[in-house]
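S.K.: Sequence:
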Amino acid sequence: MADVQLTNGFCARLNNSENEEDELYNSQPVIQFLSFKRVPPSGGASTVDRYRVIVSDGEHFQQSMLATQLNHLVEEEQVLKHSIAVIEKFTCNLVQGKKLLIILAMRVLKKEAEKIGNPTPLQLRGSSSGPSVEMQAQTPAVQSPAPSTFMNTPNVTNTTAPPAQPARQQTQAGRGGRHAIYPIESLSPYQNHWTIKARVTAKSDIRTWSNQRGEGKLFNVTLMDESGEIRATAFNAAVDEFYDRLQEGKVYLISKAKVNLAKKKFSNLNNEYELTLERSTEVEECPDATDVPTVKFTFVDIAGLQELPKDAICDVIGIVKEVGELSTITSKATNKEIPKRDLTVVDKSRFSVRVTLWGKQAEQYNATDQPVVAFKGAKVGDFQGRSLSVMSSSSIFINPDIPEAHLLRGWYDSIGAEQTYQSHTNTMPSGGGVNFDRAEIRSLHDVKTSDMGLSDRVDTFCSRATIMHIRNENIAYPACPTQGCGKKVLLMGDSWRCEKCDKSYPKPEYRYMISMAVADYSGQAWFSGFNDVGKAIFDISADELMDIKERDDTKFNQMLERAIGSTYNFACRARQDNFNDQTRVRYGISRILPLDYREEASYLANLLLRSEWSR
DNA sequence: CCCCCCCC
1 MADVQLTNGF CARLNNSENE EDELYNSQPV IQFLSFKRVP PSGGASTVDR YRVIVSDGEH
61 FQQSMLATQL NHLVEEEQVL KHSIAVIEKF TCNLVQGKKL LIILAMRVLK KEAEKIGNPT
121 PLQLRGSSSG PSVEMQAQTP AVQSPAPSTF MNTPNVTNTT APPAQPARQQ TQAGRGGRHA
181 IYPIESLSPY QNHWTIKARV TAKSDIRTWS NQRGEGKLFN VTLMDESGEI RATAFNAAVD
241 EFYDRLQEGK VYLISKAKVN LAKKKFSNLN NEYELTLERS TEVEECPDAT DVPTVKFTFV
301 DIAGLQELPK DAICDVIGIV KEVGELSTIT SKATNKEIPK RDLTVVDKSR FSVRVTLWGK
361 QAEQYNATDQ PVVAFKGAKV GDFQGRSLSV MSSSSIFINP DIPEAHLLRG WYDSIGAEQT
421 YQSHTNTMPS GGGVNFDRAE IRSLHDVKTS DMGLSDRVDT FCSRATIMHI RNENIAYPAC
481 PTQGCGKKVL LMGDSWRCEK CDKSYPKPEY RYMISMAVAD YSGQAWFSGF NDVGKAIFDI
541 SADELMDIKE RDDTKFNQML ERAIGSTYNF ACRARQDNFN DQTRVRYGIS RILPLDYREE
601 ASYLANLLLR SEWSR
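Quick note: the first sequence, position 59, residue 59 per full-length UniProt numbering, numbers continuous.
Keep in mind the hints are simulated off the structure, nothing from the lab. Any given hint could be a false lead.
In silico BS3-like pairs for lysine-lysine, Cα to Cα no more than 30 Å straight-line [unchecked claim]:
1. Lys263 with Lys310
2. Lys379 with Lys296
3. Lys89 with Lys296
Using the sequences plus the hints, can you model the full thing?
M.R.: As structure tokens, then:
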């Protein structure tokens with residue numbers, strides 16, 4: 001390869017230019033990498049490790065950060081110490097008075113090279129002889145305050161420096177021209193003068209709120225480019241400004257929006273930040289943009305929904321077999337009436353699922369001819385086994401022009417229309433349809449002192465509790481051995497009769513009917529459970545346990561003893577029971593899960609991380 | 001500044 005020239009003077013220009021020069025920022029300097037250091041997110045905004053690097057222009061060296069989309073170059077060893085690269089896109093942050101080069105895009109010109117020249121640290125204009133911009137490998141002596149931990153602060157002692165200002169502010173505003181397009185992935189609160197070119201992939205209804213802090217209205221859009229996605233929100237006056245202008249599917253140049261930390265627990269998008277559209281935000285449509293990707297789907301088939309946890313976000317494509325009427329429900333939380341419409345959607349997996357549309361999407365849905373429909377970002381629910389809810393951040397595509405849709409259309413029109421489809425109602429474990437959600441674990445004391453299960457409601461809750469006692473009478477009952485029946489059978493002469501099946505059998509199949517006392521830190525309660533619960537506790541069938549009971553009562557009692565002291569996660573249903581003029585609430589187990597300590601620990605670790613984020 | 005996605 002021909003020798004490459006470093007862009008001498010680049011570091012000096014970057015650091016010494018009083019007014020920012022657009023030519024500098026539009027240039028593509030050639031530099032040499034002197035070192036790479038992987039730095040952790042250090043408890044602030046980011047969750048991704050970054051690379052702190054030193055670059056040289058042959059004369060001076062300069063501390064820099066790689067934008068995370070370039071991490072892979074280091075990790076795949078496409079760039080090494082002393083590699084020479086052209087920086088195709090960069091920006092600059094002022095961190096505690098020091099310029100920090102942010103490399104947004106680069107191309108390696110020469111991967112293996114010798115160190116060129118003897119670069120020295122820059123002597124900064126106006127700075128005392130003290131700290132240089134030389135980056136120390138050790139932990140910074142001065143940590144910048146919370147949000148600035150976006151990157152590790154270099155080792156500087158000048159703590160009286162003015163707050164960080166975007167480096168490019170002056171000229172960009174002055175010129176009034178368009179800036180370079182920045183990838184969404186590179187947006188951060190430390191860099192104000194960007195423009196993104198992004199497609200609106202989802203747009204919510206206008207929503208109003210009213211709480212102790214005030215009231216107002218807002219809407220959200222999801223913006224996407226090739227680098228990633230970000231959510232943008234407009235409030236009040238900005239709603240009037242942008243609600244009609246921003247249309248789903250279209251591409252816009254957007255600048256001068258505010259970049260805030262996203263609160264992770266409220267967002268499914270893979271972005272640390274979100275945008276607030278203000279009245280001064282600039283939005284310009286790009287009518288013919290073809291360089292911004294359209295929505296990409298990762299479809300899961302409808303049968304596969306049972307593998308996903310409740311609240312998972314997924315993409316589904318299917319045929320709308322049935323369209324429900326537009327109806328309204330009254331939200332328990334807000335007492336508001338909310339329009340809704342249920343669709344029954346089927347696919348080649350021969351499963352059907354109920355998909356609920358809300359608000360405007362429910363009102364505006366009008367396709368009655370069994371179209372192909374694709375959902376991006378639908379939420380998995382557990383109603384009747386599995387259900388889907390279309391969120392305001394989801395998008396609906398009727399007859400999208402994608403291969404999956406054409407295949408599905410052809411299949412449905414030829415054979416699919418005549419098939420039968422299975423619902424998830426009977427396919428989920430333990431039937432009852434209550435899933436265990438550790439975020440919803442309630443203490444037994446809390447459960448018993450709440451109004452759960454009262455006034456003929458069936459309420460569900462989760463509990464993590466330890467078995468204290470298992471009642472040994474009626475631990476199992478003789479049941480009909482026919483698959484899926486499970487009704488109690490009666491001994492008639494020498495055979496067992498099932499009323500439901502209208503059949504007699506030589507032998508019953510015993511099924512568990514467990515009643516047990518459980519306790520957690522707050523108190524104790526009686527839980528009851530059926531066959532799955534007994535099998536989970538004893539690890540043998542009820543037939544086998546009854547056999548032991550008959551032959552060896554001591555061993556049977558030992559087996560009961562052995563189950564004491566085990567802790568499980570339970571999903572339960574609380575239901576009122578009227579018995580001898582007495583009202584009490586009974587707790588039925590719909591799922592029982594052994595503790596997985598690795599998972600529990602990882603859950604707790606994530607909780608800590610989340611509370612860190614939402615501070 | 002919202003953070004709800006509801007109901008059965």
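S.K.: Could you run down the list of hints and mark each one as holding or not?
M.R.: Hints versus structure:
1. Lys263 with Lys310: holds (21 Å)
2. Lys379 with Lys296: Within the cut-off at roughly 17 Å; holds.
3. Lys89 with Lys296: The hint holds at about 26 Å.
The structure meets every hint from the earlier list without exception.
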